[in-house]
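S.K.: Next come the chains, spelled out residue by residue.
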Amino acid sequence: MNIVVCVKHVPDATADRKFEDDFTVDRVGVDGLLSELDEYAVEQALQFREKREGEEITVTALTVGPEKAADAVRKALQMGADSGVHVVDDAIAGSDYIATSLVLAKAVEKIKADAGADLVICGMASTDASGSVVPAMLAERLGLPQVTLASVIESQGDQIRIKRDNEGSTEVIGATLPIVLSVTDQSGEARYPSFKGIMAAKKKPLETWSLSDLGVDAGEVGLSVAWSQVEDTTERPPRTAGEIVTDEDGSGAGALVDFLASKKFI
Amino acid sequence: MSEVLVVVDHADGEVKKPTYELLTIAKRLGEPAAVFFGSPEQGDAVAEKVKKYGAAKVYVIDDAQIKGFLVAPKAEALQQLVEKTSPAAILLPSTFENKEVAARLAIKIGSGLITDAVDVQEGGVTTQSVFAGNFTVQAKVTQGTPIITVKPNSAAPEESEGAGTVEAFAATISDGAKTAQIVATQPRQSTGRPELTEAAIVVSGGRGTGGNFEPVEGFADSLGAAVGASRAAVDSGWMPHAFQVGQTGKTVSPQLYVANGISGAIQHRAGMQTSKTIVAVNKDPEAPIFELVDFGVVGDLHTVLPAATEKVKERKG
Ligand SMILES: Cc1cc2nc3c(=O)[nH]c(=O)nc-3n(C[C@H](O)[C@H](O)[C@H](O)COP(=O)(O)OP(=O)(O)OC[C@H]3O[C@@H](n4cnc5c(N)ncnc54)[C@H](O)[C@@H]3O)c2cc1C
Ligand SMILES: Nc1ncnc2c1ncn2[C@@H]1O[C@H](COP(=O)(O)O)[C@@H](O)[C@H]1O
Chain A
1 MNIVVCVKHV
11 PDATADRKFE
21 DDFTVDRVGV
31 DGLLSELDEY
41 AVEQALQFRE
51 KREGEEITVT
61 ALTVGPEKAA
71 DAVRKALQMG
81 ADSGVHVVDD
91 AIAGSDYIAT
101 SLVLAKAVEK
111 IKADAGADLV
121 ICGMASTDAS
131 GSVVPAMLAE
141 RLGLPQVTLA
151 SVIESQGDQI
161 RIKRDNEGST
171 EVIGATLPIV
181 LSVTDQSGEA
191 RYPSFKGIMA
201 AKKKPLETWS
211 LSDLGVDAGE
221 VGLSVAWSQV
231 EDTTERPPRT
241 AGEIVTDEDG
251 SGAGALVDFL
261 ASKKFI
Chain B
1 MSEVLVVVDH
11 ADGEVKKPTY
21 ELLTIAKRLG
31 EPAAVFFGSP
41 EQGDAVAEKV
51 KKYGAAKVYV
61 IDDAQIKGFL
71 VAPKAEALQQ
81 LVEKTSPAAI
91 LLPSTFENKE
101 VAARLAIKIG
111 SGLITDAVDV
121 QEGGVTTQSV
131 FAGNFTVQAK
141 VTQGTPIITV
151 KPNSAAPEES
161 EGAGTVEAFA
171 ATISDGAKTA
181 QIVATQPRQS
191 TGRPELTEAA
201 IVVSGGRGTG
211 GNFEPVEGFA
221 DSLGAAVGAS
231 RAAVDSGWMP
241 HAFQVGQTGK
251 TVSPQLYVAN
261 GISGAIQHRA
271 GMQTSKTIVA
281 VNKDPEAPIF
291 ELVDFGVVGD
301 LHTVLPAATE
311 KVKERKG
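Listed in order, the protein sequences are those of chains A and B.
Reminder that position 232 of the first sequence reads as 232 in the UniProt record's numbering, one-by-one numbering, no gaps.
Reminder that position 84 of the second sequence reads as 84 in the UniProt record's numbering, one-by-one numbering, no gaps.
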């Protein structure tokens with residue numbers, strides 16, 4: 001059995017993220033890294049493998065993105081994934097969810113043809129686009145059940161059960177493999193790569209595929225054919241410095257309540 | 001004028017406020033038509049509610065075949081409704097579930113998708129808040145029927161009488177869509193407080209509460225507010241995950257947000273930075289949350305909040 005984990009290389013959320021002149025996300029001027037939320041996906045893939053000792057299970061980390069995106073796959077290999085795939089092609093730049101999910105789906109199909117793909121695991125959201133839609137789109141394109149936003153994952157044979165928080169309830173969802181699964185940051189802290197893991201990762205296979213390897217026409221992806229277009233981006237003006245008081249002998253509560261009353265909140 | 005489909009946000013037939021916000025927005029794009037997934041018995045009552053906000057039609061889709069499964073059946077039903085009605089746009093309240101419904105629908109009908117809009121103007125230009133609220137983005141769907149998921153509090157609901165004609169829509173759900181099964185559901189206990197994402201005021205607590213949320217809850221109740229929490233408070237087991245504000249919790253955009261014992265990490269900001277007025281109580285004058293505030297108190301929340309609660313009660317009489 002082979003597990004595919006989808007990992008995205010994203011600009012560091014703690015840095016000053018920006019846009020390019022064509023309104024695409026600046027992926028060069030800002031340091032990038034494996035999206036923290038996809039670390040949870042890698043972790044769950046590794047745990048799945050570890051829990052099912054004795055079974056032949058491999059984990060393939062898959063990313064779609066520019067040159068540097070290979071770093072996201074490398075990190076997954078260091079954490080313990082067995083192999084990696086990086087889909088890179090100039091034509092992909094500026095792709096929306098629709099095109100990204102198309103390329104991912106084609107890559108999963110190719111992995112499936114070579115090694116099988118019984119389980120596709122995604123993060124709950126990319127930390128740059130934050131759409132939380134790619135897993136559902138992947139499921140739709142692959143014709144698979146989607147089991148999303150899992151905080152607890154259990155499996156037995158080809159049966160998967162997850163627990164998740166929904167709007168007003170907690171739910172248990174059941175499905176039969178193959179599926180697309182997404183996991184939240186409640187699913188358990190991701191491991192750090194060990195020194196041994198970092199060394200071992202250097203010898204693990206990391207393949208680079210282009211659109212033609214996947215049989216995707218360059219005209220189907222990229223900024224110019226995106227089904228939604230950004231017309232403008234505006235940096236939020238810094239908030240004007242507010243009033244800050246220091247609480248002394250209970251003065252803070254009075255000042256706070258006066259402020260709230262002046263704004264008609266009371 | 002073309003119809004604009006608005007998926008009704010409801011809990012067991014109780015229509016939620018974002019529905020009215022979306023109907024208000026829909027009027028800018030065409031003629032609002034509500035889409036209710038639920039029991040046909042509840043359809044009439046829902047129609048009475050949504051017609052007050054301009055719904056000309058109310059499509060009732062019996063959810064007997066739908067509610068036991070995740071997302072895919074709803075996307076199928078909407079695809080069929082879109083084929084029948086050729087709407088100008090489809091608006092959905094931006095919940096995780098609806099974003100996934102929208103995602104599948106977008107692929108099915110070959111349409112562009114915009115998620116988490118905080119505004120939609122005439123002509124379908126959307127505004128989104130991105131990068132933890134540091135940027136706003138204007139965008140537009142350029143292919144197919146625009147599918148837009150809209151955040152709560154994106155418009156003030158405006159009343160206007162619509163015909164509210166109820167029409168049952170019989171969707172055919174394929175077996176292939178019924179594959180991810182909801183095995184069990186446990187409704188969360190109501191706190192009696194306003195819903196976090198819809199509340200006009202949110203009072204939150206973080207690690208600085210030290211696990212004692214009473215001062216935070218007391219202050220929230222004096223203001224009629226919802227209670228929120230940072231991830232640190234949730235990870236410590238002090239509050240359920242449903243109360244978490246931030247990147248991996250809820251995004252809130254209330255009139256007033258009060259952060260108590262919360263440092264203001266970027267992931268927390270991502271969920272509250274667009275609040276209209278921001279107030280913080282924190283004993284560290286260097287806490288980054290103070291960069292965001294309209295008003296801040298440097299002090300211990302365990303003394304400031306109970307005293308403030310008393311004063312609010314006095315003022316309210
Ligand atoms: C992938 C990812 C996703 C995340 N998602 C979220 C998210 O959705 N939401 C979220 O909140 N965080 C999220 N985080 C975590 C975030 O980075 C911070 O760790 C978290 O917000 C810190 O919570 P805090 O402010 O309560 O705790 P701390 O950062 O520890 O701050 C506690 C504050 O309380 C103050 N304090 C202490 N005692 C008192 C007192 N008696 N009175 C007044 N003030 C006091 C301290 O001065 C300090 O500023 C995420 C992190 C990652 C990596
Ligand atoms: N370019 C990409 N490469 C690999 N995986 C991706 C990519 N974009 C999105 N994903 C996966 O889809 C999840 C949700 O992304 P999003 O819908 O963009 O929020 C992420 O957590 C990843 O697992």
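Worth flagging that the hints you see were computed from the coordinates, not collected in a lab.
Some hints here could point you the wrong way.
Stated by the list, open to error - If you anchor each label on the Cβ, the simulated ranges turn out as follows:
no., chain 1, residue 1, chain 2, residue 2, range
1, B, Q65, A, E189, 21 to 29 Å
2, A, S262, B, D300, 48 to 56 Å
3, B, A184, A, G188, 15 to 23 Å
4, A, P238, B, Q181, 44 to 52 Å
5, A, D258, B, R188, 46 to 54 Å
6, A, S155, B, D235, 19 to 27 Å
7, A, V245, B, Q65, 55 to 63 Å
8, B, E310, A, T14, 50 to 58 Å
We treat Cβ as the ideally placed atom computed from N, Cα and C, and that holds for glycine.
S.K.: Now tell me if each hint is right for this structure.
M.R.: Right, here's what the structure says about each hint:
no. : hint                           : in the structure
1   : B:Q65 with A:E189: 21 to 29 Å  : violated (39 Å)
2   : A:S262 with B:D300: 48 to 56 Å : violated (24 Å)
3   : B:A184 with A:G188: 15 to 23 Å : holds (21 Å)
4   : A:P238 with B:Q181: 44 to 52 Å : holds (49 Å)
5   : A:D258 with B:R188: 46 to 54 Å : violated (36 Å)
6   : A:S155 with B:D235: 19 to 27 Å : holds (25 Å)
7   : A:V245 with B:Q65: 55 to 63 Å  : holds (59 Å)
8   : B:E310 with A:T14: 50 to 58 Å  : violated (39 Å)
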